[in-house]
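*Asks:* Protein chains in written order, with this note's numbering: chain B, 382 to 712; chain U, 677 to 1215.
Since the hints were made in silico from the structure, they are not lab data.
Glycine included, every Cβ here is placed at the ideal spot set by N, Cα and C.
Among the hints, a few may not be true.
For lysine to aspartate or glutamate, the following EDC-like pairs were computed, each having C-alpha atoms within a straight-line distance of at most 16 Å [to be verified]: (1) U:1046 to U:1031; (2) U:720 to B:666; (3) U:720 to B:603; (4) U:831 to U:876; (5) U:877 to B:666; (6) U:778 to U:788; (7) U:831 to U:819; (8) U:767 to U:816; (9) U:1147 to U:856; (10) U:877 to B:490; (11) U:877 to U:905; (12) U:1086 to U:1067.
Covered by chain U, according to a simulated footprint, are these stretches of chain B (three or more residues, beta-carbon under 8 Å) [said to hold, decoys possible]: (13) 408 to 415; (14) 479 to 493; (15) 536 to 544; (16) 555 to 562.
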Amino acid sequence: MSSETTPLIKSVGQPRLKASSSLAWRIAGRIGGGVMVLWAAVSLSFIAVWLAPGDIVSLLVGEQVRTPAIEAAIRAEWGLDRPLWQQYLSYLWRIMHGDFGRSYMLNVDVGQLVASQLLPTLKLAGAALLVSVVFAVLVAVLTAHRRWGRSVANGLELLLASTPSFWLGIVLLFIFSFTLRWFPVAGDRNFAALVLPSLSLGLAQGAVVSQVLRRGLEDALDQPFSLTLRAWGIHGVIVRLRHALRHAALPAVTLTGWLVCGLLSGAVITEQVFSRPGLGKVTVDAVLAKDMPVVLAVAILSALVYVVMSTLVDILGLLIDPRLRSQADKE
Amino acid sequence: MRLNNKVAMMATVSLLALSVSSAFAAAEPRTGGTLTWGVETEPKPLNPQLNGQSKAELILRVAYESLLARNADGSFVPWLAESYRVEQDGKRIIFTLRPDVKFSDGAKLNAEAVAENFRHIQDPAYCAGSSLCALSRHIDSIETPDERTVVLNLKAVYSPFLAFAAGLKLISPKSWQSPDLKAGGASVAGTGPFILQRYEKGQQIVFVKNPEYNWAPANAAHQGPAYLDGVTYRFLPESSVRVGALLSGQVDAIEGVSGNDAGEFKNNPDFTYQHALNTGTPYSLFLNVEYGPTQELKVRQALLQGLDVAPILQSIYRGERTRAWGITSPVDPLYTNGVEGKYGNNPDLGNKLLDEAGWNTRDADGFRTKDGQRLSIEIIQAQATVRDQRDVLLQAIQAQARQRLGVELKLRYVDSGTYTELRNSGQFGSIANSNTETDGIDIENHYLPVNAGGAINYSRTSDPAILPLLKGASATADVPARRGFYAQLQQLAIIDRAVAIPLYEPEDQIAAASYVNGIGFRPFKQMPENAYSVWLSEH
């Protein structure tokens, strides 16, 4: 597993550290690449939404009476009377000035809409990430190379990873909210309201990461260096935590970075079950209704998250594994 | 025709009824406390005029009110207007406003403020995409002869118009300048017993009591300010989560209880459970008369006659839903029961009709064929509108059509873009749909020709016999006469032409903790009533 994931790290972290003078160049390259990714995300989403069935005027008229006057009013209000390329260019111009337009369906400013829903989703994603990392490290360190613990953990991980988060959410709610009444069911009001949603979203991901992490740990523990360490009389737990974990962390970090990007889509279902505000629900509604300004804003945001996460993963990789740094220096 | 006296009399009758019922009430209403009500649907948008969701009414009506209220029989009672008159057979409607009504932003409700509302709803830039455009186009001119009188002149007599004008939720003069006019919210003020304080999208909407409120409809359970200090509607889209939240005391009341969950509250002393049939068209399969096998009358009649909906409803909803037979709701004053039990559950007749139509060979899967083509009908549903276990209902009907008649019903769930495209092109076999409008507007929506007001005419019928019946019904305000026209239409559309197969009448449910008093349904419109007369006993 680790041998499979190592090239991935290399390819993500392509521009290598050379000397401090090239650092500025590297950062500029990063930003330039990020902007290109954002532009591509906007353009592809723009095209995709236009190609999807159903013209926007018909969607906005809905199941209501349709007359030429009504159609004209809708076209004029949303600027749909201009040619497509003009709409596209003026959209690009406006987003460069921070104006994301108004939602067709909700008739509110998209920038404000996304901003207001971003924090609850970030809270959920952050808490879920914490849950999955803690779960993964704990389970992996405790069960690597332990016959019984290993098979129990393996079964649990398989169960969690394959449980639909919708169902897990309902079960958690039933036990801890409806029956024991420890946590509130819904909303984004206090810390207690965050516990169940983050468990339901984080556990499944934690289970996947912990499987990878344990495999890595076991590989590391099998290597000669850990035998040497133990021969020096270092305690088994210390070997696991200080030495083997570092070796095993690289693929797990890559995977986690990738999973964080998936938290936004995972949040859709969790937000629905727990009646939380957030971007997930906004996004689904917008896509279903072909609410172009909202879809595009979410596309930009997702692309931004991907760019930031892949950069973070690169840097973390350099910090964790000195070999990557020295390789970079040699080049 | 002067109806002033009638309104006054109605008010007296309802006041009498009130005093009688309050004599039997167990306890005096208490003021104070806040109610948390778990609801299924989040209003989109919050503008009460542009919002077309009947499930959002209970929320919006706490802050926005209209000129007249209605009794269960459809008659009108005073509200923001203390009386009304209809002249020239219904072409001229005159409202006399109460003198003491104020919007929550301080503006006075006068003739000009009301007229502004009727002017704006005619503007395509404002009304597009809502049901307002279709109705406001009947207005010819608006007069405000004095501070308290509003006159609406119509282009032609259109009997549903009075109900529309009387029920339009009025917003304050300042609202028209608000940048959030179309989105709605705190800057769009109404006259209601509660004032919108805070809207947290995706979570809840919070209202506080309007202490100056003193203009409840004449048939309300009490007068003066609301009993509650405030009411919070919490959005809980998952049915099982709403039920769990109520059972564990996290909310005080919920609406939208599935047939499976009704038992949790029905015989439980800690809760109350009530339900009411919706108004409007039943949930019906509309059979496209312009596309595919349903173009043939005999195929449509075979489905209408051969299927048996009752046992399916019984098993899916555990007896908690009501079989429907006609073109409108059995609770609508315009409903007639002439077609009840007159069709269905006759597979022999159904099969005979299909044989006659030439679908008399079968393929390897047991489906009927003609000239090598399978008898297959595609039912289109917009994924976003599937609720109340309707997907399961359609599956059961699909199985029955196969077993009983050898007809293949294909169920296709589509996104709203595809749905819109198929609706426009007319290339579908059937669309299942319901509609909660009253006063015959529901019937017009389904049976006027597609390009002449039949916005949801999913059978796409343009039968020349139908239009004169619709015109006749909308040209008179006389309820028995209108009922007669619609009875003929019902016979024609369902029995003779089989353009629709009514399935069941949708309903609303309310479950509440037993300390919640006065919660219930709105007369006539049958939607959950807002929290104005709700009070909480000691708990």
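*Asks:* Taking only the CA atoms, is the gap from residue 1147 of chain U to residue 856 of chain U under or equal to 16 Å?
*Replies:* With a Cα-Cα distance of about 38 Å, the restraint between residue 1147 of chain U and residue 856 of chain U is violated, given a limit of 16 Å.
*Asks:* Is the coverage entry for the stretch 408 to 415 of chain B by chain U consistent with the three-residue Cβ rule at 8 Å?
*Replies:* It is violated, with 0 qualifying residues against the three required.
*Asks:* Assess, step by step, whether the Cα of residue 831 of chain U is no farther than 16 Å from the Cα of residue 876 of chain U, and give holds or violated.
*Replies:* violated (43 Å)
*Asks:* Just to make sure I understand the rule, a stretch counts as covered if three or more of its residues have a C-beta closer than 8 Å to a C-beta of the chain. Does the stretch 555 to 562 of chain B meet that for chain U?
*Replies:* holds (count 5)
*Asks:* Run the distance test for residue 877 of chain U versus residue 905 of chain U: straight-line Cα separation, threshold 16 Å.
*Replies:* Roughly 22 Å between the alpha carbons, so the hint for residue 877 of chain U and residue 905 of chain U is violated.
*Asks:* Run the distance test for residue 831 of chain U versus residue 819 of chain U: straight-line Cα separation, threshold 16 Å.
*Replies:* holds (14 Å)
*Asks:* Are residue 877 of chain U and residue 666 of chain B close enough, with their CA atoms no more than 16 Å apart?
*Replies:* holds (13 Å)
*Asks:* CA of residue 720 of chain U to CA of residue 603 of chain B, is that 16 Å or under?
*Replies:* violated (59 Å)
*Asks:* Below or equal to 16 Å on CA atoms is what counts here, so check residue 778 of chain U against residue 788 of chain U.
*Replies:* holds (13 Å)
*Asks:* Take a quick look at whether residue 767 of chain U and residue 816 of chain U sit within 16 Å of each other, Cα to Cα.
*Replies:* holds (9 Å)
*Asks:* Just to make sure I understand the rule, a stretch counts as covered if three or more of its residues have a C-beta closer than 8 Å to a C-beta of the chain. Does the stretch 479 to 493 of chain B meet that for chain U?
*Replies:* n = 4 at 8 Å, threshold three: holds.
*Asks:* For the pair we were handed, residue 1046 of chain U and residue 1031 of chain U, check the Cα-Cα distance against 16 Å.
*Replies:* holds (10 Å)
Hint check: violations occur at hints 3, 4, 9, 11, 13, 15; the rest are consistent with the structure.
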